[in-house]
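J.: Below, each chain spelled out in residue letters.
Number of protein chains: 2
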Amino acid sequence: MSIQGYDNIRAVEWSDNGLKLLDQRLLPRLEQWITFSDALGVAQAIRDMVVRRAPAIGITAAYGVVLAAQQRYEESSEHWKNLIEEDFKLLADSRPTAVNLFWALDRMKTLLGGVDGNPVASLLAEAKLIHEEDVAANLHMGRLGAELIGDSCAVLTHCNAGALATGGVGTALGVIRTAYAAGKVNHVFADETRPWLQGARLTAWELVEDNIPVTLIAEGAAAALMRQGKVKWVIVGSDRIAANGDVANKIGTYSLAVNARYHGVKFMVVAPTSTVDMAIACGDQIPIEERPQDEVLSLAGTRIAPDAARAWNPSFDVTSADLVDAIVTEKGVVEAPTAAKMAEMMKG
Amino acid sequence: MSIQGYDNIRAVEWSDNGLKLLDQRLLPRLEQWITFSDALGVAQAIRDMVVRRAPAIGITAAYGVVLAAQQRYEESSEHWKNLIEEDFKLLADSRPTAVNLFWALDRMKTLLGGVDGNPVASLLAEAKLIHEEDVAANLHMGRLGAELIGDSCAVLTHCNAGALATGGVGTALGVIRTAYAAGKVNHVFADETRPWLQGARLTAWELVEDNIPVTLIAEGAAAALMRQGKVKWVIVGSDRIAANGDVANKIGTYSLAVNARYHGVKFMVVAPTSTVDMAIACGDQIPIEERPQDEVLSLAGTRIAPDAARAWNPSFDVTSADLVDAIVTEKGVVEAPTAAKMAEMMKG
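Note that the protein sequences, when read in sequence, are chains F and L.
Letter by letter, the first sequence follows residues 372 to 719 in the numbering used here.
Letter by letter, the second sequence follows residues 372 to 719 in the numbering used here.
To be clear, the hints were calculated from the coordinates, so they are not data collected in a lab.
Just so we're clear, the structure is a prediction, and the values are computed from it rather than from any experiment.
Treat the hints with caution; some may be incorrect.
Copies of the same chain look alike in the list, so a pair counts if it fits in one copy or across any two.
[Unchecked claim] Cross-link-like lysine-lysine pairs, in silico, BS3-like; alpha carbons within 30 Å at most: (1) Lys-637 to Lys-601; (2) Lys-637 to Lys-603; (3) Lys-702 to Lys-480; (4) Lys-637 to Lys-499; (5) Lys-391 to Lys-601; (6) Lys-601 to Lys-499; (7) Lys-718 to Lys-702; (8) Lys-637 to Lys-452; (9) Lys-452 to Lys-391.
Working from the sequences, and respecting the hints, build out all of it.
T.: If you want it as structure tokens, here you go:
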């Protein structure tokens with residue numbers, strides 16, 4: 372199962388030498404892979420955004436546990452289960468908002484509890500399974516999301532929720548790829564997504580690679596785009612979804628959701644159920660990472676603001692469920708999400 | 372009349388050597404002035420955004436006419452009124468959206484029609500009067516706008532509508548300076564304002580120079596800021612206001628207005644009546660300049676998007692009058708603007 376011609380990009384790969392990550396800080400100028408052999412390096416790579424977005428972080432952290440187990444079991448075949456606690460902590464502390472990180476670590480830890488002898492083979496099998504499940508979830512969500520789109524139209528996406536953000540074809544971009552292949556999407560507008568420019572650097576790159584027509588806009592132009600009737604859907608990913616359907620996603624998403632509702636544009640969130648945190652009742656409880664001020668004050672290494680200026684740099688925002696038309700997961704679609712509908716979907 | 376301590380910045384100055392403009396492309400890294408001696412150079416400076424924003428462009432164009440008159444009268448004291456037509460055209464073609472440009476050129480042309488002999492002295496007097504009127508209008512609007520603000524609060528501004536955008540203390544920043552001096556504004560959040568980064572480079576610089584506390588945000592963070600109740604007013608300038616109160620301003624303004632209304636945040640537009648175009652019934656008729664794609668595709672001279680990517684780069688957007696709580700001009704305040712209220716204000 373795949374979308375012919377639209378599944379060539381990968382950003383996370385396991386190899387005999389360790390975990391290979393495509394360095395997303397350098398795209399689209401340079402396609403450079405870095406190989407990691409311990410949890411410390413993997414945690415640092417997540418923090419520094421060599422790899423980014425909830426599903427990709429989850430997969431990466433799972434492989435990080437494999438690397439940690441290799442090292443700790445070599446260190447002491449007797450005490451490795453104690454020693455590896457530190458690696459779990461390192462990985463868990465790398466970024467706070469994406470719940471897939473904790474979900475993947477929990478899953479690896481549960482498996483680890485029952486392991487006797489050398490744990491590497493079974494942990495690696497579990498990490499690969501998490502990875503493969505994400506690939507399959509992407510494809511399934513792609514079909515479910517594409518079904519929601521009516522006549523051929525242009526859509527707007529924010530940040531990057533594509534192959535670079537997941538194990539497979541992407542969440543939002545998985546839907547967009549599937550819908551484009553089916554003739555339901557004819558053009559993609561991409562928010563450049565300040566401050567990290569994921570839209571300009573990553574989403575535009577993915578779509579250009581796949582020959583899907585893409586036009587970049589500054590985020591300030593999104594409302595004008597909607598006012599002119601140029602897009603029918605906003606399609607985004609998520610880093611954590613609360614039990615009531617409130618959605619945390621890259622800063623700027625909430626503004627799009629408010630504008631989409633005002634202009635009668637539909638708003639779709641695409642994320643695997645590993646992104647849904649049923650332990651959190653509503654979005655206001657989702658921890659929102661604040662990243663260094665310098666990401667806003669500087670650009671491409673050059674200070675743009677005056678030296679004395681300060682910045683506020685929340686990395687995510689929360690969109691209330693009442694602004695969301697559909698949440699698409701691999702377990703199904705929840706339209707106009709509520710706590711009851713979300714609970715029902717999670718059971719399915 | 373001035374706001375003690377908050378009126379030190381100037382960007383447009385007449386000197387014996389010609390028209391001096393502070394090069395706003397280089398701020399805040401470098402404070403460099405360029406001296407212009409002909410209309411061609413002035414028109415190019417407006418197009419290339421050495422100088423920018425409606426009121427400053429109007430003043431600059433008026434001085435540009437003085438330079439043209441000097442040159443043309445020297446060329447031919449007989450035919451200069453014919454020859455200068457070309458300079459008027461050059462200046463008028465420099466940028467399409469800011470109506471103050473055409474307003475200032477019309478005013479200079481009207482005066483010129485009745486001139487006998489060497490026109491330079493009377494044209495220079497008129498240009499200086501336009502400049503002085505703008506300085507006075509800024510101060511008056513500052514007081515009128517500040518009166519609208521209740522208890523001490525934080526406000527959000529977009530782009531740069533300050534001293535760098537006008538002849539005096541600014542339109543939006545004139546209100547903010549006055550309100551800060553009066554203890555009614557305690558903090559300013561500034562949108563960085565992609566793609567040209569006027570907020571990061573110019574507004575932050577002006578406020579830092581005046582010791583007014585300023586925090587820079589990526590535009591995507593504005594909605595989260597409002598959701599958290601951190602700002603009570605959005606205060607912006609304008610490049611053209613239609614007869615019904617629709618407001619053209621820097622791209623991104625409309626998104627803020629939609630979000631402000633959604634969050635119960637007040638929305639104030641500050642502009643002199645030279646920005647009001649009573650010949651245009653509503654905002655949809657305002658010509659919106661589209662600037663080069665490269666402003667979005669590149670950053671500080673470095674390409675950020677992949678080579679094959681394209682961009683849409685409208686420089687302005689239109690905010691409907693029904694999203695505006697108050698338009699502040701030097702002739703008075705129009706709350707909840709309508710065509711009838713705008714016409715009444717323009718008479719006053």
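J.: All the hints need checking, so say for each whether the structure fits it.
T.: Outcome of the hint check:
{"no.": "1", "hint": "Lys-637 to Lys-601", "in the structure": "both (12 Å within a copy, 28 Å between copies)"}
{"no.": "2", "hint": "Lys-637 to Lys-603", "in the structure": "both (6 Å within a copy, 29 Å between copies)"}
{"no.": "3", "hint": "Lys-702 to Lys-480", "in the structure": "within (24 Å within a copy, 70 Å between copies)"}
{"no.": "4", "hint": "Lys-637 to Lys-499", "in the structure": "neither (35 Å within a copy, 52 Å between copies)"}
{"no.": "5", "hint": "Lys-391 to Lys-601", "in the structure": "neither (39 Å within a copy, 42 Å between copies)"}
{"no.": "6", "hint": "Lys-601 to Lys-499", "in the structure": "neither (41 Å within a copy, 45 Å between copies)"}
{"no.": "7", "hint": "Lys-718 to Lys-702", "in the structure": "within (9 Å within a copy, 64 Å between copies)"}
{"no.": "8", "hint": "Lys-637 to Lys-452", "in the structure": "neither (48 Å within a copy, 57 Å between copies)"}
{"no.": "9", "hint": "Lys-452 to Lys-391", "in the structure": "within (25 Å within a copy, 72 Å between copies)"}
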